[in-house]
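Peer 1: Sequence:
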Amino acid sequence: MQDLEQLTAEARDAIEKADSLQALDAVRVGYLGKKGSLTALLKGLGKLPPEQRREAGQAINEAKRALAALIEARRGQLEAEAVAARLAAETVDVTLPGRRQSLGALHPVTRTIERITALWAELGFAVA
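So the number in this note's numbering is just where the residue sits in the sequence shown, counting from 1, plus 15.
Source of the hints: derived by calculation from the structure; they are not laboratory data. Watch out, some of these pointers could steer you wrong.
Said to hold, decoys possible - Capping the alpha-carbon separation at 20 Å, the derived lysine to aspartate or glutamate pairs in DMTMM-like fashion look like this: (1) Lys49 to Glu66; (2) Lys79 to Glu20; (3) Lys58 to Glu20; (4) Lys50 to Glu77; (5) Lys79 to Asp18; (6) Lys49 to Glu87; (7) Lys50 to Asp18; (8) Lys32 to Glu87; (9) Lys49 to Glu25; (10) Lys58 to Glu70; (11) Lys58 to Glu77; (12) Lys62 to Glu25; (13) Lys79 to Glu25; (14) Lys50 to Glu96; (15) Lys79 to Glu129; (16) Lys79 to Asp28; (17) Lys50 to Asp34; (18) Lys79 to Asp40; (19) Lys50 to Glu25; (20) Lys49 to Glu94; (21) Lys49 to Glu96; (22) Lys58 to Glu96; (23) Lys32 to Glu96; (24) Lys32 to Glu94.
What the hints assert, rightly or not - Derived CB-CB ranges, DEER-like: (25) Ala104 to Gln17: 44 to 50 Å; (26) Asp108 to Ala24: 46 to 52 Å; (27) Ser117 to Lys32: 40 to 46 Å; (28) Asn76 to Arg101: 33 to 39 Å.
By construction, the Cβ of each residue, glycine as well, lies at the ideal position given by its N, Cα and C atoms.
Start from the sequences, fold in the hints, and give me the full structure.
Peer 2: And the structure:
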């Protein structure tokens, strides 16, 4: 039981110290994964006398549930921090001048009429 208490305390410290989602996932796998420390304790229950198995199994499962809850709480906290950091990085300065709308171009027929008018004006004719 002292191993379980020590293991739980170490896991709590590791969860609190995890500063990224990847680090938190590594902690989860290290303690709750297939080859994790708590899983190894559960596998070792068969070596205990039958009287102690029930109590030890309940204690290990309770510790496992508590650590899973702590990990999920920390995951939510880290995800919220990541979203807040991303939003802070993507802020828009509303005091900057806006983009000007590009002006359009003359219609092709209008351009052709202006070219013809300029040509006749060069030849000395006046267009009314």
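Peer 1: Next, verify each hint and record whether it holds.
Peer 2: Outcome of the hint check:
no.	hint	verdict
1	Lys49 to Glu66	26 Å, violated
2	Lys79 to Glu20	12 Å, holds
3	Lys58 to Glu20	17 Å, holds
4	Lys50 to Glu77	18 Å, holds
5	Lys79 to Asp18	14 Å, holds
6	Lys49 to Glu87	18 Å, holds
7	Lys50 to Asp18	17 Å, holds
8	Lys32 to Glu87	14 Å, holds
9	Lys49 to Glu25	18 Å, holds
10	Lys58 to Glu70	15 Å, holds
11	Lys58 to Glu77	15 Å, holds
12	Lys62 to Glu25	24 Å, violated
13	Lys79 to Glu25	13 Å, holds
14	Lys50 to Glu96	30 Å, violated
15	Lys79 to Glu129	84 Å, violated
16	Lys79 to Asp28	15 Å, holds
17	Lys50 to Asp34	23 Å, violated
18	Lys79 to Asp40	15 Å, holds
19	Lys50 to Glu25	17 Å, holds
20	Lys49 to Glu94	25 Å, violated
21	Lys49 to Glu96	29 Å, violated
22	Lys58 to Glu96	37 Å, violated
23	Lys32 to Glu96	15 Å, holds
24	Lys32 to Glu94	15 Å, holds
25	Ala104 to Gln17: 44 to 50 Å	46 Å, holds
26	Asp108 to Ala24: 46 to 52 Å	48 Å, holds
27	Ser117 to Lys32: 40 to 46 Å	54 Å, violated
28	Asn76 to Arg101: 33 to 39 Å	37 Å, holds
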